[in-house]
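Q: Sequence:
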Amino acid sequence: MGVGSQRAPRTPPWVVVIGAGIVGCSLAEELTPVVGEVLADLATSGATAHPISLFDPRRPALEAIR
418 MGVGSQRAPR TPPWVVVIGA GIVGCSLAEE LTPVVGEVLA DLATSGATAH
468 PISLFDPRRP ALEAIR
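Remember, the numbering used here sits 417 above the position in the sequence shown when you count from 1.
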């Protein structure tokens, strides 16, 4: 029996969600639960009801640096 043979998929589709802590911000206490909810939504269903397009690396605002 291999590592994670009953828990992890052996072939795609895989979902990788990376989260980071929020520190040094007065809004951290308010934002942390929302960030956790968004990450959980993305990891489990691939979508979230929260507006997250601002964080899309393909957004037009980043066009100039590509």
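Hints are not guaranteed to be accurate.
Computed Cβ-Cβ distance ranges for the label pairs, DEER-style [unchecked claim]: (1) THR461 <-> ALA437: 33 to 43 Å; (2) ALA481 <-> THR461: 29 to 39 Å; (3) PRO468 <-> ILE435: 14 to 24 Å.
No wet-lab data here; the hints were simulated from the structure. By construction, the Cβ of each residue, glycine as well, lies at the ideal position given by its N, Cα and C atoms.
Q: Hint compliance check: list the failing hint numbers for this structure, sorted ascending.
A: Violated hint: only 1; rest satisfied.
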